[in-house]
Amino acid sequence: MTNTVRVGVAVIIKRQNTILLGERIGAHGANTWATPDGHLEFGESVEQCAIREVLEETGLNVSKITKLDFTNDIFSTENKHYITLYVKADYEGGEALLKEPSKCLQWRWCDINNLPTPLFTSLENYLTCTLSNKFTRQ
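Residue numbering for the sequence shown follows the working numbering, starting at 16 and increasing by one per position.
Check the hints yourself; a few may be wrong.
If you anchor each label on the Cβ, the simulated ranges turn out as follows [what the hints assert, rightly or not]:
id, residue 1, residue 2, range
1, Glu107, Ala45, 23 to 31 Å
2, Lys114, Lys82, 22 to 30 Å
3, Leu130, Gly58, 30 to 38 Å
4, Lys114, Arg30, 13 to 21 Å
5, His96, Asp126, 29 to 37 Å
It is worth saying that the hints were derived from the structure and are not from the lab. Built from N, CA and C at the ideal position, the CB exists for glycine as well.
Start from the sequences, fold in the hints, and give me the full structure.
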């Protein structure tokens, strides 16, 4: 495992009773479902990162970024370690476009009570902790 811990920002976008998930392709988390997400860049706020990543990946504009909590994710087989900061964002309308087809096969609005599987490790960890109330913030 490398000695570098990366910081990711994952954005939960809710539309009625659904959230936006993408089917990941490529090396990291291939064939799993995840929210729009990406790396926090030097000098960037979490809110700026969330807005940038959603626009880059989906073409959607979001607003009112609210910080939620974080996960500590170790991907042993990929030799990666991430701290993933979760935020929620208000959906402003439109349909998600496939802006990075080398990273995502499709975007889908998924019923929050019937999410596709398998979920990306970070999202699985977030939901597990949320449902069991293990986070520091209530």
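Status of the hints after comparison with the structure:
1. In this structure the hint that Glu107 and Ala45 lie 23 to 31 Å apart at CB holds, the actual value being about 30 Å.
2. Hint check: Lys114 to Lys82, Cβ distance near 25 Å, so the stated range 22 to 30 Å holds.
3. Take Leu130 and Gly58: their Cβ atoms lie about 34 Å apart, and the range 30 to 38 Å holds.
4. Distance hint for Lys114 and Arg30: a CB-CB separation of about 18 Å, consistent with the stated range 13 to 21 Å.
5. Checked against the given bound of 29 to 37 Å, the beta carbons of His96 and Asp126, roughly 32 Å apart, stay inside it.
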